[in-house]
Amino acid sequence: MSLTEIVFLVLAVVAVGSALLSMTSGQLVHAALWLVVTLGAVAGCFVLMTAEFVAWVQVLVYVGSVVVLVIFALMLTRQPSGARSAEVTGNRWIAALVGLAAAVGLGATMVVGFRGEQIEGRRIGTAGSIGDALFNDWVLPFEILSGVLLAALVGAIVLSRSGSDR
Amino acid sequence: MPLLYPLVLAAALFGIGVYGVLARRNAVMMLLGVELMLNAVNLNLVAFDAWFADALHSGQVLTLFTITIAAAEIGLGLAIVLALFRALRTVDVDEVGR
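Protein chains in written order, with this note's numbering: chain A, 1 to 166; chain B, 1 to 98.
Certain hints may be false.
[To be verified] Residues on chain B that point at chain A, a partial pick, calculated with CB under 8 Å:
no. : residue
1   : 18
2   : 36
3   : 43
4   : 50
5   : 68
6   : 74
7   : 76
8   : 91
I should point out that these hints are in silico values taken from the structure, not numbers from a laboratory.
Every residue gets a Cβ at the ideal spot worked out from N, C-alpha and C, and that includes glycine.
Turn these sequences into a full structure, and let the hints guide you.
Written out as structure tokens, the structure is:
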């Protein structure tokens, strides 16, 4: 087993463990911070699959801004902590069953379909090569996506404006 | 590295995300579960890109697009949660449905 595989398995254990802690944690802020650990471990997995640029985007966008946004929302809804803040529904066992079924079903499908395939250690994900692909082959989707992002941001501002002037 | 490692990890993260969305009562926590599922998808995209050694880098470019969509989604979702909190003084999805 190569060093890459060992590091990947360690990161996988960290990701799954912190994701479980995040989804079962009693306190919302703890859940958000455990999610940071999960996303960081996934970024490490991206690096090991030689997708460095995606890994940095993951760290910048997810860990840097999405989680901060979530913590802001927790503060603004004035329930950052407390015993009641992160209750689970009464059907948590059914939810656990459905989640387990989804994971096992997907995992079994993947094992049956792709057993024995190997990822070769070619360098494929540097910023230069991704930039080339993005601005040569994917320009139109990229521009459409910037429109979508702008529309979403304007929509978010309209929705979260205070209600007095509507 | 075997292709199965990232694929099985993604399946596990997706299952945990499904549990988070279904079991949590707080709307913000449900959004976190959705983010977890989107990350599992990203992991799959990057893994297949690395396995296939795609000349167009489809998997990684689509991952960047997914991350952007996820950022837009969480922005809109949190705005809706804030509007909900302002209207009903709660973000508990069970009480909102009542």
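Verification of the supplied hints:
1. Contact between residue 18/B and chain A, as hinted, is supported at the beta carbon level, the nearest pair being about 4 Å apart and thus within 8 Å.
2. A least Cβ separation of about 6 Å between residue 36/B and chain A falls short of the 8 Å threshold, and the interface hint therefore holds.
3. Satisfaction of the interface hint for residue 43/B is found here, the shortest Cβ-Cβ separation to chain A being roughly 6 Å, below the 8 Å cut-off.
4. At a threshold of 8 Å, the smallest CB-CB gap from residue 50/B to chain A is about 4 Å, leaving the interface hint in force.
5. The interface hint given for residue 68/B is met, as the beta carbon of that residue sits about 6 Å from the closest beta carbon of chain A, less than 8 Å.
6. For the restraint placing residue 74/B at the interface with chain A, the shortest Cβ-Cβ distance is roughly 5 Å, inside the 8 Å limit, so the hint holds.
7. Interface restraint check: residue 76/B against chain A, minimum CB-CB distance 5 Å, threshold 8 Å, status holds.
8. At about 5 Å, the closest approach between the beta carbon of residue 91/B and any beta carbon in chain A falls short of 8 Å, and the interface hint on this residue holds.
Hint violations for this structure: none, all hints satisfied.
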